[in-house]
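J.: Sequence:
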Amino acid sequence: MTELHDGKIRLSSSISEAGFSLVRQFKKWAVSADPLVSEASLKWEVGLFLMRSTDMRRMGMLYVILALVITQCAAIIRVPLYKTRSLRRLMSDNGRTVEELRALAQSAGAPDSAPSPNLPVERLTNFMDAQYYGVISIGTPPQNFTVLFDTGSSNLWVPSIHCSFFDLACWVHHRYNSKKSSTYVKNGTEFAIRYGRGSLSGFISEDTVSVAGLAVPGQQFGEAVKQPGITFAVARFDGVLGMGYPSISVANVTPVFDTAMAAKLLPQNIFSVYISRDPKAAVGGELVLGGTDPQYYTGDLHYVNVTRKAYWQIGMNRVDVGNQLTLCKASCQAIVDTGTSLIVGPAAEIRALNKAIGALPLLMGEYLIDCKKIPTLPVVSLNIGGKTFNLTGEDYVMKESQLGISICLSGFMGMDIPPPAGPLWILGDVFIGKYYTVFDRSADRVGFAAAK
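Be aware that the sequence shown starts at 1, since it is given in the UniProt record's numbering, and climbs by one per residue.
Hints in this document: simulated from the structure, not taken from any laboratory. As the structure is a computational prediction, the values presented were derived from the model and not from experiment. Honestly, I wouldn't trust all of these hints.
[To be verified] Below 20 Å or equal to it, Euclidean Cα-Cα: the simulated DMTMM-like pairs (lysine to aspartate or glutamate) are:
1) K355 - D416
2) K180 - E206
3) K434 - E394
4) K309 - E206
5) K355 - D370
6) K355 - D293
7) K355 - D320
8) K309 - D440
9) K372 - D395
10) K83 - E400
11) K399 - D370
12) K452 - E286
13) K387 - E286
14) K373 - E394
15) K329 - E400
[Said to hold, decoys possible] Label-pair distances were calculated between CB atoms; the ranges are:
16) P246 - I161: 23 to 31 Å
17) P80 - S164: 49 to 57 Å
18) G188 - K452: 41 to 49 Å
The beta carbon of each residue, even a glycine, is placed where N, CA and C say it ideally should be.
All chains, please: the whole structure from these sequences, using the hints.
T.: What follows is the structure, encoded as structure tokens:
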């Protein structure tokens, strides 16, 4: 765990103004230097100065100060997350089904064809229920993009200036222009990410990616020139920044977090996610790179090991719905996915769960709940790593607007994920909102603690 403090260095009055000047110059140099400069090289610069020093007391003090400066060069990075209405809700509010909107997009000229068989393909996470996004920049000078930070995939992609004239999603979002970046490096490898009957496709490029001021040089990413259907056209985010393991990365591209780890840009190889449950909050949550923030949770973090290094996959012992029903009886597998707002499980089990809580099926896989019954709904308990994580009706029921009318929807949705990846449960924002979540790459584990 990384504690957060305002770093202030207090200097002894015995150090001369020359010493102050050196420290200021060194700190300025260290902060402005290439982030790939190693700690060892910084210490070498310190060593050269120390060998020239004739005052041992001053030398010792300055060594401590400069060591602190070096340590502070790798700091925790905070990324505000902003909440938007999910694509599913936007579509429902406009009285259209997914099929109708897809047909509309195709009639407008957006092709929906299968990807070329010689391109690397990865099934895209279902972003119909994604709600939280943040801001990154690519290039020098920076070009800003809103992205979904997605632990259910591993690639970074944004729309390209070279996208098709008929690509509606591209034209209504920010587009990357390599000609405007002095740090762009051409790659050109084609990639495709399958989505339904179509595919998101484009080519790989390389540039500096910055996340909340953390510069990651030489990062490969996808320039999307074709995005399927209407889904991404109505999305609030421009692209996706995958934070899963490298094994599921399309075209063998190193994920952004892995590049940052290799360059030792962070104090710890972990990141954590807080999602605010306050619907009136200006900021919907926070992604913390390189540490955790105790102000967002209470009690100790409970860790469970990753069972498969692809998605952030863990074992789940059982799921109890009050005293009425037990699911996942012989244990099951689950992935912790920031790109999904709901809790997803095998269709048959979710049907039984929603029946047990009195939810009625609607179109598009949603379930309706009587808002008046929320206080009396059974507790849904997930046993993970021997510890029980409870969700009350207030936690798993979502209050939404349907065509101007307030309704309450179940936070559980059924979806059968076929082998070899499935069957799987998906713990999305309904769970992460209740339990602050830590993703630890150093120890390949996921941690949970009750969110404040």
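J.: Each of the hints needs a verdict: does it hold here or not?
T.: Quick rundown of the hints versus the structure:
{"no.": "1", "hint": "K355 - D416", "in the structure": "holds (18 Å)"}
{"no.": "2", "hint": "K180 - E206", "in the structure": "holds (13 Å)"}
{"no.": "3", "hint": "K434 - E394", "in the structure": "holds (10 Å)"}
{"no.": "4", "hint": "K309 - E206", "in the structure": "violated (25 Å)"}
{"no.": "5", "hint": "K355 - D370", "in the structure": "holds (13 Å)"}
{"no.": "6", "hint": "K355 - D293", "in the structure": "violated (38 Å)"}
{"no.": "7", "hint": "K355 - D320", "in the structure": "holds (13 Å)"}
{"no.": "8", "hint": "K309 - D440", "in the structure": "holds (12 Å)"}
{"no.": "9", "hint": "K372 - D395", "in the structure": "holds (15 Å)"}
{"no.": "10", "hint": "K83 - E400", "in the structure": "holds (14 Å)"}
{"no.": "11", "hint": "K399 - D370", "in the structure": "holds (11 Å)"}
{"no.": "12", "hint": "K452 - E286", "in the structure": "holds (13 Å)"}
{"no.": "13", "hint": "K387 - E286", "in the structure": "violated (25 Å)"}
{"no.": "14", "hint": "K373 - E394", "in the structure": "holds (10 Å)"}
{"no.": "15", "hint": "K329 - E400", "in the structure": "violated (32 Å)"}
{"no.": "16", "hint": "P246 - I161: 23 to 31 Å", "in the structure": "holds (28 Å)"}
{"no.": "17", "hint": "P80 - S164: 49 to 57 Å", "in the structure": "violated (32 Å)"}
{"no.": "18", "hint": "G188 - K452: 41 to 49 Å", "in the structure": "holds (47 Å)"}
In summary, the structure is inconsistent with hints 4, 6, 13, 15 and 17 from the numbered list given earlier, while agreeing with the others.
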